[in-house]
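> Please work from the sequences and hints to get the whole structure.
So you can see what is in the structure, the chains are spelled out below.
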Amino acid sequence: MAERERGERRGKGEGRFRRRGMGRRKVCRFCADKTMLIDYKDSRVLGTFLSERGKIIPSRITGNCARHQRHLTLAIKRARTVALLPFTAAYP
Amino acid sequence: MADRRYETLVLLHPDLGEPGAKELAERVKKLIEDQGGTVGQMQDWGLRELAYLIAKQRRAFYVLFEYRSSSKALLEIERNLKLMDRVLRFVSVRQAENAPPTPPRPAAARRPEREEPEFEGAAEFEGLNEEVS
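Here the protein sequences come in this chain order: A and B.
Residues in the first sequence are numbered from 1 upward in steps of one, following our numbering.
Residues in the second sequence are numbered from 93 upward in steps of one, following our numbering.
Derived from the structure by calculation, the hints contain no laboratory data.
A portion of the hints provided could be inaccurate.
Partner residues aside, some chain A positions facing chain B, computed with beta carbon under 7 angstroms [to be verified]:
#1 78
#2 82
#3 83
#4 85
#5 86
Not everything, but these chain A residues come out facing chain B in the computed CB check (under 8 angstroms) [stated by the list, open to error]:
#6 28
#7 41
#8 71
#9 84
Heads up, the beta-carbon is just placed ideally off N, CA and C, and yes, glycines get one too.
Below is the structure:
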C-alpha cells in the first residue's frame, strides 16, 4: 500500500486540481448531482472520500463545497461509530 | 410534544446467530413501541463485516429501525439499548420529515464491499500538503 502511494505521487503542481494557469476547476459532486444524498449508511459513497489510511480527504482536493463537505464529515463520523467505515487503515 | 422522525442503526452480537439476532431485534422493536413510538420499518442487513473490531468481534448483525417517537422516548430507548449487553453499538439520527425512507438493501448485493473505486485525488493527497503549508 505504501509503495503505491509513493509510486503514484506526482510532481508538484502536476495534479489536475491545480488552479494556476489552465487548471481544471473541480465542482462539488453533490452540487452537480442533486440526487446524490449524503447518508451515513451509504459507506460506498462515503468511502470514496477517504484516503487509503482512512482519513477524510480535504475539500480542497475533492472540490466539494463547504456545505456538502460539512455534511459529509458528519456522515463519515457517524458511519465510523457503527463500523461501516474505518477510523484508520484496515487491520492486517 | 410533537413526535419526531428518528432512525436507529443497531449492531448485534454475532454469537446470537441468525434466530437470536431476529429475536433481539424484535425486542428492540417492542422497546420502541412500548415507549410510544411507531415503527415505520425494520430493516435487517444481516451479518456484516465490521470496519474495525468491536468487543473483539469481526462481524455484527446490523438492524435499522425507522420510527416516530417523542424525544423523551428516544432518550429512554437509548438508555435501554445501552443496558443490553448483546447490543454492540447503535447510532440514532433524527430524520427530516420529508426525507424518503431508506430503500431496502438486499444483504447479498452489498457483499462485495472490498472493490471500492478509489477516489482519484487520494494519490495526490500526501504530495499536496507540502505545497500548501
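> Are the hints correct? Go through all of them and say.
Okay, the hints, checked on the actual structure:
no.: 1; hint: 78; result: 6 angstroms, holds
no.: 2; hint: 82; result: 5 angstroms, holds
no.: 3; hint: 83; result: 4 angstroms, holds
no.: 4; hint: 85; result: 5 angstroms, holds
no.: 5; hint: 86; result: 4 angstroms, holds
no.: 6; hint: 28; result: 13 angstroms, violated
no.: 7; hint: 41; result: 7 angstroms, holds
no.: 8; hint: 71; result: 12 angstroms, violated
no.: 9; hint: 84; result: 6 angstroms, holds
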